[in-house]
Amino acid sequence: MTRRPRKAKTVRKVPRKNRSKGRKVAKPTKPKREALDDFIVAGARALDLKIDEAWMSAVRGHLQVTLRLSALVAAFALPDDAEPAPVFKA
Amino acid sequence: MDWTSASEIARAVANGERSALAVTEAALERIKSLNPKLNAFTDVVASRARAKAQAVDRARGQGQRLEPMAGVPFAVKNLFDINGLPTLAGSKINRSHAPAARDATLIARLETAGAVLVGALNMGEYAYDFTGENVHDGASRNPHDLSRMTGGSSGGSGGAVAGGLVPLALGSDTNGSIRVPSSFCGIFGLKPTYGRLSRAHTFPFVASFDHLGPLARTTKDLALAYDAMQGYDADDPVCADRPTEITLPALDRGIEGLRIAVAGGYFRKGASPEAREATERIAKVLDVKREIEIPEAERARSAAYVITAAEGATLHLDRLRSRARDFDPAVRDRLIAGAMVPATLVNQAQKFRRWYRERVFELFKDVDVILAPATPCTAPRIGQQAFVLDGVEMALRPNIGIYTQPISFIGLPVVAVPVPLTPLPIAIQIIAAPWREDVALRVAQALEQAGVASAPRPNI
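Protein chains in written order, with numbering that gives the first Met the number 0: chain W, 0 to 89; chain F, 0 to 459.
Honestly, the hints are just simulated from the structure, not real lab data.
Hints are supplied without guarantee of correctness; some may be wrong.
[Unchecked claim] What follows is a list of derived Cβ distance ranges for each label pair:
(1) Ala41/W x Val284/F: 54 to 62 Å
(2) Glu82/W x Thr421/F: 47 to 55 Å
(3) Asn346/F x Ala41/W: 18 to 26 Å
(4) Glu82/W x Gly264/F: 36 to 44 Å
(5) Glu24/F x Ala41/W: 55 to 63 Å
(6) Asp51/W x Asn346/F: 27 to 35 Å
(7) Ala34/W x Pro294/F: 29 to 37 Å
(8) Ser146/F x Ala81/W: 45 to 53 Å
(9) Gly256/F x Asp51/W: 41 to 49 Å
All C-beta atoms, glycine included, are put in the ideal place defined by N, C-alpha and C.
Start from the sequences, fold in the hints, and give me the full structure.
Structural data, given as structure tokens:
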């Protein structure tokens, strides 16, 4: 069985004044920067890296550039049987 | 300052006009007087150099035939192992490493050819750098304007050769680190085909792209050193098991019969007026009117960027965990970001790399040489953070290599030839098909003989 992941604790609560009866409330959207920060924090935890708060802005900036360039590469359609460049030869 | 070339020194030592020891002492004296300005050297191995020079002189005195590089002083980027010294790779962290127990293969090969190692050279930390700046050792300084960058990461190699401290230096080039300093400092640089020269016993950066090669003030000196360093080495798993292909005898064959084209599209976009001027001068002398487009060059540069980030981070992950505060912050933050890049994106970049390689190899059915600027601009000021490319302001540090990265991405051989514009030089890449360093060197030699490419002498 696959468990559904718990909601992240950092999700912002909807302000009380917007919780009126029967009224549809727009889901709060986090700014993109925060989303990437969550990714960095989770990644750092998984990799056992300690990131000082003062470094976050620069790390985020570099990661944004790398992901932007990655997206350019990923957008290029390649056949399923495309081999990656380094091929191990026994 | 001594502007004598390596080949001229070897000739003078071989025929007894100068002793190897006198040449070495002169080089050590130049380092002593000029290095405080240039900050090119991080270590000088004077005793070792004198001993080697004396051995060369003894051999000559005994009537032995001298090797082709007898008495030529040279220095190496400090990521090369030098027996008895810790291999710094531009870092603070590696200073606590045990001294290397042997020399890098390429040092051993140059010394076998008679050359004399005089020291280790400044570089950007762990080679993740295009500027030549280093927070631990200070920035290496451009001999043509001490307030400007040498380019990196082989910054000390560029400064030492362009400043006349040594006629020859070795550097590494992962994404442009030989070609960028060659451009900013106005010297010749050779990045051979991936796998051509052994990388054994040097500190790595990105295994997929790491190359080693020489920087010098003449094409002939590049060929001389390159020929001496060729050959299979089982200690480098990437080193190709190919026969040595000597280039020096055919260097003066000229360009007759060679099909040459200028890279258009991506390689024109963003080029400064200086880069365009230099390209036009070279193309004019070679009478090149053909322009070709290297397909998907921008995507290739992007893929190189992604693989570099991930492989570099993988290499340093343990150090990032244990000694993050001992890194240059600019390098550390890029490496941490690289550790976060999903493997799916890195694999896609490696797949694209093979596709791109096949397409570019097809171009070489129709051309022998492609010309492109080495850098988009001349040397920026030390500390400069941003520059304008194609009307867009962008971060300087990661973008200096936009024209070099799509080429080293697939391991093509390149000679960077300096065009001595005023006030600052800039280099053009002479790009050849894999394993055809001989062709790139021939074109560089023709350009040098025509007077359009030369290493300008600085006024330090």
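Okay, the hints, checked on the actual structure:
no. : hint                           : result
1   : Ala41/W x Val284/F: 54 to 62 Å : holds, 56 Å
2   : Glu82/W x Thr421/F: 47 to 55 Å : holds, 48 Å
3   : Asn346/F x Ala41/W: 18 to 26 Å : holds, 21 Å
4   : Glu82/W x Gly264/F: 36 to 44 Å : violated, 27 Å
5   : Glu24/F x Ala41/W: 55 to 63 Å  : holds, 59 Å
6   : Asp51/W x Asn346/F: 27 to 35 Å : holds, 30 Å
7   : Ala34/W x Pro294/F: 29 to 37 Å : holds, 34 Å
8   : Ser146/F x Ala81/W: 45 to 53 Å : holds, 47 Å
9   : Gly256/F x Asp51/W: 41 to 49 Å : violated, 60 Å
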